[in-house]
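Novice: Sequence:
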Amino acid sequence: MIDFSLTPEQQTLVELARDFSTNEISPVALEYDRDGTPPEDIMRKAKDLGLLYTNIPEAYGGSGMDYVTHYIVTEALNYDCCAIGQMIGISHLSSAAILLGGAEEQKKKFLGPMCESHRSACYCLTETGAGSDAGAMKTTAARKGDTYVVNGSKCYITNGAKSDLLCLFATTDPSRGVKGISCFAVPRDTPGISVGRIEDKMGHRALTVAEIHFDDVELGAENLIGGEGQGFKLAMQALDRGRVNVTAISAAVMQKALDESVRWAREREQFGQPIGNFQGVHFMLADMNALIMASRGMYLQAGWMLDRDRRCSVEAAAAKCFATDAAMKVTTDAVQILAGSGYMKGTVVEKLMRDAKLLQIFEGTNQINRVVSGRGLLAGKSVLF
Numbered sequence: 001m002i003d004f005s006l007t008p009e010q011q012t013l014v015e016l017a018r019d020f021s022t023n024e025i026s027p028v029a030l031e032y033d034r035d036g037t038p039p040e041d042i043m044r045k046a047k048d049l050g051l052l053y054t055n056i057p058e059a060y061g062g063s064g065m066d067y068v069t070h071y072i073v074t075e076a077l078n079y080d081c082c083a084i085g086q087m088i089g090i091s092h093l094s095s096a097a098i099l100l101g102g103a104e105e106q107k108k109k110f111l112g113p114m115c116e117s118h119r120s121a122c123y124c125l126t127e128t129g130a131g132s133d134a135g136a137m138k139t140t141a142a143r144k145g146d147t148y149v150v151n152g153s154k155c156y157i158t159n160g161a162k163s164d165l166l167c168l169f170a171t172t173d174p175s176r177g178v179k180g181i182s183c184f185a186v187p188r189d190t191p192g193i194s195v196g197r198i199e200d201k202m203g204h205r206a207l208t209v210a211e212i213h214f215d216d217v218e219l220g221a222e223n224l225i226g227g228e229g230q231g232f233k234l235a236m237q238a239l240d241r242g243r244v245n246v247t248a249i250s251a252a253v254m255q256k257a258l259d260e261s262v263r264w265a266r267e268r269e270q271f272g273q274p275i276g277n278f279q280g281v282h283f284m285l286a287d288m289n290a291l292i293m294a295s296r297g298m299y300l301q302a303g304w305m306l307d308r309d310r311r312c313s314v315e316a317a318a319a320k321c322f323a324t325d326a327a328m329k330v331t332t333d334a335v336q337i338l339a340g341s342g343y344m345k346g347t348v349v350e351k352l353m354r355d356a357k358l359l360q361i362f363e364g365t366n367q368i369n370r371v372v373s374g375r376g377l378l379a380g381k382s383v384l385f
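Start counting the sequence shown at 1; every next residue gets the next number (our numbering).
Derived by calculation from the structure, the hints in this document are not laboratory data. Just to be clear, a hint being listed does not mean it is correct.
[What the hints assert, rightly or not] Taking CB as the label site, the calculated pair distances span:
1) Gln279 / Leu6: 19 to 27 Å
2) Pro27 / Gly297: 43 to 51 Å
3) Asp3 / Arg197: 44 to 52 Å
4) Gln279 / Thr128: 30 to 38 Å
5) Arg197 / Glu40: 30 to 38 Å
6) Gln11 / Gly177: 46 to 54 Å
7) Thr7 / Ala142: 46 to 54 Å
8) Ser194 / Gln11: 18 to 26 Å
9) His213 / Glu105: 27 to 35 Å
10) Ala103 / Ala142: 30 to 38 Å
11) Asn277 / Thr365: 25 to 33 Å
12) Gly129 / Leu30: 34 to 42 Å
[Unchecked claim] The list that follows gives simulated cross-link-like pairs (lysine-lysine, DSS-like), each with its CA atoms no further than 30 Å apart:
13) Lys144 / Lys201
14) Lys108 / Lys233
15) Lys179 / Lys233
16) Lys162 / Lys107
17) Lys357 / Lys345
18) Lys233 / Lys144
19) Lys144 / Lys109
20) Lys233 / Lys162
21) Lys162 / Lys381
22) Lys345 / Lys381
23) Lys45 / Lys144
All C-beta atoms in this analysis are idealised placements derived from N, C-alpha and C, irrespective of residue type, glycine included.
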């Protein structure tokens, strides 16, 4: 029997994250959304409280949380603004490949200095012509003696403009498709790296997304993570963890939308009574809550599997699809419940609806995640017990 109660340590961490969201994120969430600026001051404060590098072991400077604890804390941190919450938690995806494939010396060399800063890391996989199709990657890392020379560009890179560390995927053998992709840990100050366009987005506006260009960037063998040709495998394993993370974020977005809807249903009066007295509103609130409960259970299950070193590609992809589609529905219904008040620019549920859309797109579109899940099922890769 699985025990869903929190340990005393988990309860303390969740309360810390909730208080941080309430006191530090909530008062400025709409301001950062309006201005589209990165929340560096908030990231500094999160680092001081041990909330910035929750998944990284203490030996390398992180908080050393297990996966279940990390995902519970992630939900709490993303409640008041998932854009700011993700800037705080971006190292979860970016560091995963290094933790999974790096040698002990590499983990200390690259993760240690990162954890001393508040600027975190970024995950450099996507290109203009290589989104869902990673095999179409054009960024190359050509071997020249004892070095690799990187040329190419990445796009839509979260935290790409400011991060101290880049987790870079480039092809070392273009003839082998995805089997020729390799992973590199690259410090920001490496010569030849430049930032291109910073995107102006519909939602997640406090989450900076940028182009990154690599022009004859020289890397040593010590930058190569996991050996040549291991990059795609590491990228997918990192995305498994990232997709569970997005599920927890989606639960936070939905919970905020539901709470705003319940508040409004109690306060707003029509026909001489609160709209919460009407059965039609009951149905909407009940469905919203059911989707939250299911999504929360899915990320807890996947986290439980990861804590036992079990591959959860099918479960992670399924959870991501379900929860992000649910978040789009729940936030849309929240706008419907608040009606005109919810549709106005600069309101909480209007922001939630804009933010929810991106959840269906990044960490693999929901279409590609359904492919991952379906193929995994046909290959017999989903066995919980």
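Novice: State for each hint whether it applies.
Specialist: Structure-based check of each hint:
{"no.": "1", "hint": "Gln279 / Leu6: 19 to 27 Å", "in the structure": "35 Å, violated"}
{"no.": "2", "hint": "Pro27 / Gly297: 43 to 51 Å", "in the structure": "31 Å, violated"}
{"no.": "3", "hint": "Asp3 / Arg197: 44 to 52 Å", "in the structure": "48 Å, holds"}
{"no.": "4", "hint": "Gln279 / Thr128: 30 to 38 Å", "in the structure": "50 Å, violated"}
{"no.": "5", "hint": "Arg197 / Glu40: 30 to 38 Å", "in the structure": "20 Å, violated"}
{"no.": "6", "hint": "Gln11 / Gly177: 46 to 54 Å", "in the structure": "47 Å, holds"}
{"no.": "7", "hint": "Thr7 / Ala142: 46 to 54 Å", "in the structure": "49 Å, holds"}
{"no.": "8", "hint": "Ser194 / Gln11: 18 to 26 Å", "in the structure": "45 Å, violated"}
{"no.": "9", "hint": "His213 / Glu105: 27 to 35 Å", "in the structure": "29 Å, holds"}
{"no.": "10", "hint": "Ala103 / Ala142: 30 to 38 Å", "in the structure": "23 Å, violated"}
{"no.": "11", "hint": "Asn277 / Thr365: 25 to 33 Å", "in the structure": "40 Å, violated"}
{"no.": "12", "hint": "Gly129 / Leu30: 34 to 42 Å", "in the structure": "36 Å, holds"}
{"no.": "13", "hint": "Lys144 / Lys201", "in the structure": "39 Å, violated"}
{"no.": "14", "hint": "Lys108 / Lys233", "in the structure": "22 Å, holds"}
{"no.": "15", "hint": "Lys179 / Lys233", "in the structure": "8 Å, holds"}
{"no.": "16", "hint": "Lys162 / Lys107", "in the structure": "21 Å, holds"}
{"no.": "17", "hint": "Lys357 / Lys345", "in the structure": "16 Å, holds"}
{"no.": "18", "hint": "Lys233 / Lys144", "in the structure": "24 Å, holds"}
{"no.": "19", "hint": "Lys144 / Lys109", "in the structure": "23 Å, holds"}
{"no.": "20", "hint": "Lys233 / Lys162", "in the structure": "26 Å, holds"}
{"no.": "21", "hint": "Lys162 / Lys381", "in the structure": "38 Å, violated"}
{"no.": "22", "hint": "Lys345 / Lys381", "in the structure": "45 Å, violated"}
{"no.": "23", "hint": "Lys45 / Lys144", "in the structure": "43 Å, violated"}
In this structure, the earlier hints numbered 1, 2, 4, 5, 8, 10, 11, 13, 21, 22 and 23 are contradicted, and the remaining ones agree with it.
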